[in-house]
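To convert, take the position in the sequence shown, counting from 1, and add 4; that gives the working numbering.
Just to be clear, a hint being listed does not mean it is correct.
[As the list claims (entries may be wrong)] Pairs of lysine-lysine, DSS-like flavour, derived with a Cα cap of 30 Å:
1) LYS64 <-> LYS355
2) LYS250 <-> LYS99
3) LYS550 <-> LYS99
4) LYS99 <-> LYS64
5) LYS550 <-> LYS250
6) LYS99 <-> LYS355
[As the list claims (entries may be wrong)] Simulated DEER-style distance windows between Cβ atoms:
7) ALA537 <-> VAL264: 16 to 22 Å
8) VAL264 <-> MET234: 41 to 47 Å
9) LEU242 <-> ASP545: 58 to 64 Å
Just so you know, the hints here were simulated from the structure itself, not pulled from any lab data. Each residue gets a CB set at the ideal place from its N, CA and C atoms; glycine is no exception.
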Amino acid sequence: MVVHEKKTLVDQRAADATLLDAAPASARSFSTAGRWSTLLLVGLLAVFALIWFSNLEYRKLVSPDEGRYAEIGREMALSGDWVTPRLNDLKYFEKPPLQYWATAAAFRLFGESQWGARWWPATTAFACVLLMFWTVRRLYGDDDIALAAAAALGGCSGFIINSHINTLDAGLAAFLTVALLSFLWAQRPGATATATRNGMLAVWAAMALAVLSKGLIGVVLPGAILAIYMVVERDWRLLTRLHLGKGLILFLAITVPWFVAVSLANDEFARFFFVHEHFERFLTKVHRREGAWWYFIPILLFGAMPWTPYIVLRLREGWRREGEPGTLQVRRLLLIWSGFIFMFFSVSHSKLPSYILPMFPALALFAALEMQRMTPTVLSRLAWGLAAVGGALLLVVLIGGEWITARFFVNARSPFEIVRHYAPWIQGSVLAFTVGALAAVWFFRRAARPFGMVALAFGSLTAGILALNGHDELSSLSSSYHIVRQAEATVGPFERDAPFYSVWMYDQTLPFYLQRPVTLVYYVDEFALGQTAEPWKSIADLEDWKARWLVLAQGYAMMSVANYERFSQEGLPMRLLARDPRRVIVSRR
5 MVVHEKKTLV DQRAADATLL DAAPASARSF STAGRWSTLL LVGLLAVFAL
55 IWFSNLEYRK LVSPDEGRYA EIGREMALSG DWVTPRLNDL KYFEKPPLQY
105 WATAAAFRLF GESQWGARWW PATTAFACVL LMFWTVRRLY GDDDIALAAA
155 AALGGCSGFI INSHINTLDA GLAAFLTVAL LSFLWAQRPG ATATATRNGM
205 LAVWAAMALA VLSKGLIGVV LPGAILAIYM VVERDWRLLT RLHLGKGLIL
255 FLAITVPWFV AVSLANDEFA RFFFVHEHFE RFLTKVHRRE GAWWYFIPIL
305 LFGAMPWTPY IVLRLREGWR REGEPGTLQV RRLLLIWSGF IFMFFSVSHS
355 KLPSYILPMF PALALFAALE MQRMTPTVLS RLAWGLAAVG GALLLVVLIG
405 GEWITARFFV NARSPFEIVR HYAPWIQGSV LAFTVGALAA VWFFRRAARP
455 FGMVALAFGS LTAGILALNG HDELSSLSSS YHIVRQAEAT VGPFERDAPF
505 YSVWMYDQTL PFYLQRPVTL VYYVDEFALG QTAEPWKSIA DLEDWKARWL
555 VLAQGYAMMS VANYERFSQE GLPMRLLARD PRRVIVSRR
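Required output: the full structure, derived from the provided sequences and hints.
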């Protein structure tokens, strides 16, 4: 299969020779016989890395996910307990600990910071782009195809956005991508027995790390995808090349120790983690994250940009069987991988936008392979379409940006004077995307495919980073950073021995920016297990809290604006320290 594809792609480039001769000498000099200048590759990598890692510290952590996972890592680093994860000093077993370990290690080595909270998703995703280049280069022996694949992944909008937000999905997607690429390497035609064994052991290790990243989904997804592929292809001999014995031993050696340790230390873990967090999450609405059947369709169409039109155009051709019977059908496998992940989460009763992130690397590789087969005319026309859409959006946000903001994004909790500051960043983001698309048109017309894809990728990457950076303009609404600093400016450092309450609400970023847990008052949500295990760490009754508050020498509390006004009318003694459109921080005296 890979040999057949390699010949097809080389033939396509030969058909482009006349156009390539007309390309600028500077472009032709970088690539000879499918090999690129090392200096150029290193230069592209350096620029890509500079943009990719530029904003990890710039943005304040936002609630809920970024604050939650940063705080778990912070508490783990302080306590030295690497077995039992804790959130706000309460047991928290919703997810396995791999990313918590990585975050805690960064905090211990470099101190607590926003970049330390985000380094793991950003770095694992960045490593996937490098692995994509290396694997495809080894498979096809061609830098053009390898660079196209790396550009497709590094420029994929959904991959960019989710890799720069502190959630667990980027790490999961990264290890599933390692499993996918290792599988392609292990099962390639002509692979030696040693290469197949080593490649499959890498697959098993990657699945184990995926399980430690986010749970059983790390083995369920690739296992189901492989089963579907074998049924579609009737390729049962593939089972003999999976190295099931050695692979299972390696998989269990990596995953079992923590599961055993945490179960021995916490009797409540096994039932909660395996039943509540897997079966009940998938089959019921217990997590209140349900969505319509079409929930992921717009997320997919946007997340695959700028490659969406190229993918859609080549779906039928990409499904066709090629090569000798029994050889790995790479494109079919990529489509089955993507399609199953999309359908799996679409039927689930728990939906969040980042859940389908693991499908984007497969779609990126599919796009890269198919774009090698498309003529320069088709490539440039589709890029023109992207540029036209970008230009139209740019006009809309320039001319009607303030009206759109006021009409659709402003309310009492999101005032216009705050939200409006996001608009220039969106304008810059759309402009970057449009410029990248126009540059791609120029390169595609001259049959400089890799340059065209790199232009699209850099335009998309820059657009994504600008959009993310601009979101920090809203951080006063989505993060506790500003309100905590405002309160400290009013009263000075909070007294460490005075209790800090979170009343009838909980902002996930509050403990991180306070650098201490808070006492939950009349609030449960995801803390039900932890509060049941250690009930003395929370206050379940509002009147009980009021009684305690009245006798305090000093104490602090965060609450909603509405509850602050309600308690003030009731005569509860409070000193206002800080306020934003959604919350207040008060002290007892």
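Consistency of the hints with the structure:
Under the criterion of a C-alpha separation no larger than 30 Å, the hint pairing LYS64 with LYS355 is consistent with the structure, at around 25 Å. With a CA separation close to 27 Å, the supplied pair LYS250 and LYS99 stays within the 30 Å bound. At roughly 34 Å between alpha-carbon atoms, LYS550 and LYS99 are farther apart than 30 Å, so this suggested pair is violated. Straight-line distance between C-alpha atoms of LYS99 and LYS64 comes to about 23 Å, which keeps the hinted pair within the 30 Å bound.
Among the hinted pairs, LYS550 with LYS250 is inconsistent with the structure: their alpha-carbon atoms are about 60 Å apart, more than 30 Å. As the CA atoms of LYS99 and LYS355 are separated by approximately 16 Å, the hinted pair is consistent with the 30 Å bound. At about 19 Å, the CB distance of ALA537 to VAL264 agrees with the hint of 16 to 22 Å. For the pair VAL264 and MET234, the supplied restraint of 41 to 47 Å is violated, since their beta-carbon distance comes to about 32 Å.
For LEU242 paired with ASP545, a C-beta distance near 59 Å keeps the hint of 58 to 64 Å intact.
In the structure shown, a violation is registered for the earlier hints numbered 3, 5, 8, in ascending order.
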